[in-house]
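Those protein sequences? They're chains A and B, same order as listed. Per our numbering: the first sequence = residues 1 to 82. Per our numbering: the second sequence = residues 1 to 206.
Don't take each hint at face value.
Here are the simulated lysine to aspartate or glutamate pairs, DMTMM-like style, with alpha carbons at most 25 Å apart [what the hints assert, rightly or not]: (1) B:K182 to A:D32; (2) B:K182 to A:D70; (3) B:K182 to B:E148; (4) B:K104 to A:D40.
Here are some of the chain A residues that sit facing chain B, going by a computed Cβ distance under 7 Å [as the list claims (entries may be wrong)]: (5) L5; (6) L23; (7) T50; (8) R71.
These are computed hints drawn from the structure, not numbers from a lab. The beta carbon of each residue, even a glycine, is placed where N, CA and C say it ideally should be.
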Amino acid sequence: MPGFLADHRWSQQHLSHYVEGDLAPRARHRLDRHARDCVDCERGVRAMRTLVYAVHGGLAGISAPATIFDRVRAAGPGGSGG
Amino acid sequence: MRPLRGKPDPASAAPHTPAATEASLLARAQAGDIGAFEQLSGRYADRLFMLLLRLLGDRAEAEDVAQEVMLRAWQGITRFQSRSSYFTWLYRIAVNEANRALGKRARRPADVSIGADELQLPAPPAADPARQAENAELRRALGRALAELPPPLRTAIVLRDVEGLSTQESAEIAGVSQAAFKSRLHQARLRVRAAVGDEALVTSGG
């Protein structure tokens, strides 16, 4: 049981590393093996994957304001320092 | 929207002069041609503005900072030496200016709305209103959680997960080593996960 708890704490801290593919094979195997027996960590892996998927690509269709170059135009060619 | 994974496709965003390459625009801009600078930087203007919206959470401030980013880029263009891509260089200026703006704020981080309703999840099937409601709620929860992150952690998750940039490019833009960037990213994800909760994430994730 102490081994299970140690693996649990470690797995909970490495869920992001896991979904990012940042764990070495041995560490990945450790988390895989633990998540097979741990409902919380199995769910944690799914939650982390959803998080990364869900935040990706928001704000589609937003355009830059037409004023974005106003200060550049005000500065003029000399404003480039060149 | 332009591709999010990897660098943007330069050929997709120069409608007026399709033959103009980034290198030729850069050379002209460095020689003092404002039109070339606008064409070059305009290719990334929408993405840059969206980045600022995500980092600042305030449209008026994002518009102000976007103008400042372009001015800084214009003022520094002769010093750009192509050691990184122009996009990376411009994004790095944007992150620095966003951080400068955040530093000026007297408001607490919790007062910074990152625009939860604008963080769009992939649309669920229209015939499933229950799932739509769950996704909308998750979207709001994620927006709140992102807004509450300290700027360095928010920058990390926005560059890597929201923008979909590579770790190498994100680290370069953030101005830190890849190891430091990954540490920030993992911390950010753990905090967002803790704030939103596994239940909400797993339920909405199916």
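Worksheet item: So which of the earlier hints does this model not fit?
Response: Numbers 2, 4, 5 and 6, in rising order.
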